[in-house]
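What follows is the residue order along each chain.
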Amino acid sequence: MMRFVAQRAIWGVLVIMSVVTLVFFLIFVAGDPAVTILGPQARAEQIADFKAKKGLDRPVPEQFMSYLGLMPCIRKDSPKYHREDGSPGFCGILQGDLGESYSHHESVARVIGHRLPRTLLLASLAVLFELFIGLSAGIFAALRRNRWSDTAIMFATFVGISLPTYVTGPIALLLFAFLLGWFPFGGYGVDPVDHIYHALLPALVLAIAGAATYARVMRGELIETLRHDHVRTAKAKGMPMRQVIIKHAIRNALLPIATLVGLSLPFLVGGAIITEKIFAWPGLGLLTIEAIESLDAPVIMAVVLMFGIAVQVGNLLADIAVAALDPRIRLG
Amino acid sequence: MLLLIAILLIAWVVARFPKAPLGPRYVGAGHQTPQPGGTLIFSAGSNIHTLDPHFAYDTLSTAACRLLYDGLLDYDYDGNMIPSLAADLPTISDAGRVFRFRLRDGIKFHNGREILADDISWSLHRLLSKAIGSPGYPFYKSIVGAPAYHKGEVERIEGIVVIDDKTIEFRLDEADQTFLNALAMPFAYPLAKEHVEKLEEAEGRDAVGRHPVGAGPFAFSGWERGVQVDLERFEQYWAPQARPDRMIFLENISADVASARFRNGDLDIIYRPSKVNRLFLRASEPWAPYRAEAPSAAVFALGLNCELPPFDNVHVRRAVAFAIDRSKLERLDPGQVIAAGQVLPPMLAPYDAELPEKQTFDLERAKEQMRLAGLPDGPAQPVTLWVRGEGEVQVAQLFQQDLKAIGIEMDLKMVSFATYLKETGRPRVAQAAFTGWHQDFPDPSNFMDILFHSRSIHPENSENRSFYRNNELDAILDRARAEVDRALRLALYAKANAILARDAPWAFLYYPVDMFAWQPYVKGFRPHPVWLNEYRNVWLDLPRKRVSQAIYQDEAAP
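So the protein lines, in turn, are chains A and B.
Following this note's numbering, the numbering of the first sequence begins with 1 at its first residue and continues without gaps.
Following this note's numbering, the numbering of the second sequence begins with 1 at its first residue and continues without gaps.
By construction, these hints were calculated from the structure, which means they are not laboratory data.
By construction, the Cβ of each residue, glycine as well, lies at the ideal position given by its N, Cα and C atoms.
Any given hint could turn out to be false.
[What the hints assert, rightly or not] Straight-line alpha carbon distances no greater than 25 angstroms define the calculated PhoX-like cross-link-like pairs of lysine-lysine that follow:
1) B/Lys523 - B/Lys495
2) B/Lys358 - B/Lys495
3) B/Lys358 - B/Lys413
4) A/Lys277 - B/Lys275
5) A/Lys247 - A/Lys237
6) B/Lys130 - B/Lys141
7) B/Lys545 - B/Lys19
8) B/Lys367 - A/Lys76
9) B/Lys404 - B/Lys367
10) B/Lys198 - B/Lys108
11) A/Lys51 - A/Lys80
12) B/Lys130 - B/Lys198
13) B/Lys198 - A/Lys53
14) B/Lys275 - B/Lys19
15) A/Lys51 - B/Lys166
16) B/Lys404 - B/Lys422
17) B/Lys198 - A/Lys80
18) A/Lys53 - B/Lys130
[What the hints assert, rightly or not] Covered stretches of chain B, as calculated for chain A (at least 3 residues, CB under 8 angstroms):
19) 250–259
20) 264–277
Chain B with its partners taken away, still in its complex shape (with noise of 0.2 angstroms):
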């Protein structure tokens, strides 16, 4: 008698308890003009590896050197290349092979010194010597002189010319326009020589990613390592705005507790919330001003390699492009990807939604192609698909009925990650693989020429792991590449895309995409399709107002 007392106690009270928020705690002051001041408090789910540019290759450090740096060249919100630290975009000459940058006046660091030419070379230079080792040197070994810089050959790097305080040059081995997207990474933001030469010096190499001096918009107040990153605003910044007097990056939050806090007003922005959270957000009406979706600079795709049969015959490799139905992967994890049909995603141009030649589900013209490739019934062996994960066996599994239906057996093959790549990059080893591309700069090139070119065909370390050699499509992404004019380049790679698609070394799968939710707030924010955390813009609108739940449930009663 007591215990079933004691149970409907419980349940009584466990019935009266508040219900989860179903909207935001807070909402702003109502300020309908960007208000400086404020803490904004971001999070991730692990370690900000560095605070160097030079070092920065990972999204995290990435965001951060976004707050911290500025460079020449950066893009706006749809995408387009913008001058940041340079005055205007640069003028172009000797057929697509020298750029010349002027810089904006008053451009600074945050020690207060003027940015001059000398730095910008004078960062470059550190970025892409020898002891330095970074990451980002490929991407800037078209410069004239940069491989024997790099090599320790040569004192300086001949094609980057100080013309005077406020003019740069630099010149290329050929015309290639991919190089100002390189110029626009965050390697090539400028560090205030004196003050990497002092901590240098004094601390070791790694002090400079402890103790930052950049030119972006909030200037470095602490670091306490895998706990949280403090910035405090910049006011010599170029662009002066209205912005947040601090900003908190807060390290190693899973995406639980992110998503918990962020719901509770604890968190301003967040990314990537854990999945239930997201599925509660995207159904979430009081939620819905304040949420985005957006497809990340990725592609996902079964790879086929067109040295090894069946998938030499261009017939079968589009009988798979055709059998897969990607509506699937939609339904499993609603939400959090969208079906790709072509290599470029949807941000980028030249994609084009209503591409003809785009892979899409149709079961008869994947029989079709297996008739024309003279295999109505299917290979007589089972293919091998080669693949990194569980994650990638579970969405491969419910591809596997699919090919059945064109006469393909699929066998799965997991391997460690190292041995994938080590694999997959050479030349008739792996039939088909798991594959996929997260893009480095917003540019076509970055897809196409890295993985479909015949260039980047090797015996071993292939980056082109189809193994796709098409001399016509090379031709068009050569001529692309040096191509100055934008809307010729954009209408070359129009024509690649489509050879892809039709070709299709890859059958795509799916682009994945982001969500993005901040605090009502929370002004000046939506996704950028480059940079993945860009918080350059945001304001914030206080003081913050607590608002009851109760309103939201009355939202929702009829």
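In isolation and in its complexed conformation, chain A is listed as follows (with noise of 0.2 angstroms):
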């Protein structure tokens, strides 16, 4: 198990390296940061005084060492760049310094602190209500199979798979905000309670794709299982069809669920980039799309490796879950 473990998570940081040098270098091909921070209007002393400052001005190999901590630190407005002894300091992430964001003004570290807690209350609200919405109506498609609820359940399935959130978003938002007056019109609110309110809407809407998959994945296998043998003769020995249906055959159908799961995290967070900029929630979702567009590239770069960390921990996450609920696959 242990082992397993230990290969992945080496696996893991190989696949999040690639990645950020990729992301690093396609940074420089998109454009100047300097410049499109600073404006048309700004001056050419300007913008080499922003460059001098954020170590712009240096070769982009130097750039990308410094960033990662491998070479001392070349950013002027960092407390790191000069040592008390003349010695230089390093500012890369291997020292846990994501640098200073270019449009914030502040460390890229308390701007994720803002906007994470947030991304993640959306996404936990998300997962709860995909398991929730789905793994009920997978149970209850599965044991009214063939009935007409049964297929009502299926089409509905159908839809919400096929409706992405840019369309399920506004519409919710109409209907369930602006017409019926039940939620708040997209924001965040301002205080813990009006936060959790205010994310209900979308994190429904970020739920639905999420949620008809498990319920057409849950039918399935329960339709599956409830054909197994020891589900037959947990039946036979005359348990209660109730029992049978919790303990024998929902435990079994759970397991790709489980890896479902785990899988789908990285994809609620990408979801969440596009829900996030509906209802203007301001979560990493719609940092990364004001980073994008600004080029702000420290924030660029912390959002990449955030999400790169996140695809990894959900895999391998998913697989240790999938061991823990199936005695037979055994890791290592």
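With the hints as a guide, bring the two chains together.
In structure tokens:
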């Protein structure tokens, strides 16, 4: 088990490294951050000053090594740039320093510190909704197989999987916020309870596709499991149907769902980019869009890094969860 | 068949959709006296640039600084100057050259320290220093020694004299009553010295704008750039009044989103809703008590170059002023504009709705003026109007037809804003230009001196872009600027206002109108003639109660 985790972790780090490298160089292809941040009216000396302050005037490979923390700090506005004894300081990601945002005038860690909890709130609510709605609908449909309610649920899941959040989001806003007035029209709210209230509608929208997928998977698995010998045996021993389903059937059917949830985490964050934009939810997703629009390189890099880690951790957790649920799988 | 059923089903569902909210979703609890508490939420369409008053020159930064900071002087809802941190209006001596202020007792910064005359002086020194480079400097250069200090030649401004802890005096090079208006601008709001110095040392110059300590009715509690500014009530503010506990100023909320949020009850006050929502709010009966439209302190016009033919002839200019049918604009965008016939906007004294010389649409008089000019059939050559963008092209096209009626062919020339500024500021370049002015402070001089005094004509970057020269007007404006007696001043400006309407260096077009709406539980808000978003006196009638939209339908029914 440990060996498997270690292998996967090393593999994950390699993937993240390559993504970070690729994006770092892509930003320089996309344009000049200094010009984008300072605007078209900026004078040449302002741009030069900005570049010197951020180390953007150095060769790109040096910038990259410094960003990683393998070469001395080249950002003149960083406290690590000068050391008391004159020896160079480091200010890269290996030192846990994500740099300072160009457009927020704050450390990237602080900017993300603001945003990450909001995205996590949204994503965790969405997972809850996905599981609750998806599993109940799936079980319900499986137990009423081929009746009209099963057909209706399967049709609904088909629609749910087909509709992207940029369609369902605005419709939900219009219907449930503007016309019915049940939810706020986007935004984040002013206190913790208000935050959750504001998160409900975007989380529901974010959960639609996942819930529909889970419902279909759950239905299929459950129907399959109900045919298995062990279920038939349980039934034959006179176990109440309710217990048979809960103890024997559902537990088995949950296996692929666990994998799916783990694999879906990065997609939740990805989907959150669009959902956050639609609902003006100031989380990581919205931050990503803003950062890309303004070529705020340190923020883009940090977000890529975080998404990379999220994907890898999600996959790892999915594998571990499957192992824990299925006694036949032994890792390592 | 199945398809048909599906379509019918969808149509049935859609028909049963609830309607968009017709009126407010929430009403107040019914308190008659101001209540403290609650959170006021309002928004803006773009970013707040800074919370440092020494850099606040745009409306959003100003709106936020108005809550965080306070100054010696302020304006009431009639546009009159009133003391704020000052105990009273200043005593004026030396023929309007010296202003002495006494500070109010018990005024404090948010860090709890009392504000002294030294703080006022120190803040103005920061504002006017070369190192800071504030855009506010030109408004204060009449203080004795300010230009030398700004250039870095001297250590202190001679004309700012701290008499004692509570008294400060300003000495000017020449009598200028608009200096008081300058002191009422957010540029002159004092900052806590010890806080600024500590911050600037630790985090650099723009740190002050990120973590301000002022003397306003609300103290800073957080700013997530591009998302929102959080403020909390400052209990020791000198004017005790029931105010909300918190204020949240949301940034980057587009007009469409803000309008939907407002109608949904998520925003407490809205300013400049999107067009469709503006039309809705104007027509809506339930919203009628909770909305207001007010002209903003600005005027738009066709600037006519008085040095270039045919507009060097006053009769041609007057003909243009009479030929323009301004009601077309009011019809094009109902409620968004008011026809203008003089330079002063309606809220600024001595505006005169009945001004005999005011420019109005009158085709006969226009033709009469063309005859007087000796051009009954119009000039031989078409004239060229410089415009800055599509919006102005649309407006100008409305009037092309009107000018054709008096024989003037008008071509449009669209240029970038930068080109426009550069070229129209040079003599004898642009024959006519779409132009306008937003006031910096509520005084007629801010319109007339800057736009029409011959002193504002330069080889480059003229502010007087119609190159109008009139010795009589110059003399009136110079006298008015120095005149201490307010009634006399206004009489002089009234005279100048009439001259400008008659001589028509600008054919005035319209005053833009702003719309505001607020929730029924938001009390104490009304448009302010000077400050665009003025929330200092707002209180919330909480807890708010949700009301069914059905009551509005009942009202609409016969």
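Tested hints:
For the suggested pair B/Lys523 and B/Lys495, the alpha carbons sit about 40 angstroms apart, so the restraint of at most 25 angstroms is broken. Distance hint between B/Lys358 and B/Lys495 is fulfilled; the C-alpha atoms sit about 12 angstroms from each other, no more than 25 angstroms. Straight-line distance between C-alpha atoms of B/Lys358 and B/Lys413 comes to about 28 angstroms, which puts the hinted pair past the 25 angstroms bound. Of the pairs offered as hints, the one joining A/Lys277 and B/Lys275 holds, with about 23 angstroms between alpha carbons and a cut-off of 25 angstroms not exceeded.
For the given pair, A/Lys247 sits about 14 angstroms from A/Lys237 by alpha-carbon distance, which is consistent with the 25 angstroms threshold. Pair hint B/Lys130 plus B/Lys141 holds up; C-alpha atoms about 13 angstroms apart against a cutoff of 25 angstroms. With a CA separation close to 20 angstroms, the supplied pair B/Lys545 and B/Lys19 stays within the 25 angstroms bound. Straight-line distance between C-alpha atoms of B/Lys367 and A/Lys76 comes to about 69 angstroms, which puts the hinted pair past the 25 angstroms bound.
Proximity of B/Lys404 to B/Lys367 is assessed by CA-CA distance (about 11 angstroms); at most 25 angstroms being required, the pair is judged to hold. A threshold of 25 angstroms between alpha carbons decides the hint, and for B/Lys198 with B/Lys108 the separation of about 19 angstroms falls inside it, so the pair holds. Straight-line distance between C-alpha atoms of A/Lys51 and A/Lys80 comes to about 17 angstroms, which keeps the hinted pair within the 25 angstroms bound. About 20 angstroms separates the Cα atoms of B/Lys130 and B/Lys198, which keeps this hinted pair within 25 angstroms; it holds.
Restraint check for B/Lys198 and A/Lys53: satisfied, since their Cα atoms lie roughly 22 angstroms apart, inside the 25 angstroms limit. Using a Cα cut-off of 25 angstroms, the hinted pair B/Lys275 and B/Lys19 holds, with the two alpha carbons roughly 19 angstroms apart. For a cut-off of 25 angstroms, the pair hint linking A/Lys51 to B/Lys166 is broken: about 47 angstroms separates their Cα positions. The straight-line distance between the Cα atoms of B/Lys404 and B/Lys422 is roughly 29 angstroms, outside the 25 angstroms bound, and the hint therefore fails.
For the hint pairing B/Lys198 with A/Lys80, the CA-to-CA distance comes to about 21 angstroms; that is within 25 angstroms, so the pair holds. Restraint check for A/Lys53 and B/Lys130: satisfied, since their Cα atoms lie roughly 22 angstroms apart, inside the 25 angstroms limit. Only residues whose beta carbon comes within less than 8 angstroms of a beta carbon in chain A count, and the region 250–259 of chain B has 3; three or more means the coverage holds. Only residues whose beta carbon comes within less than 8 angstroms of a beta carbon in chain A count, and the region 264–277 of chain B has 3; three or more means the coverage holds.
The structure is inconsistent with the numbered hints 1, 3, 8, 15 and 16, although it conforms to all the rest.
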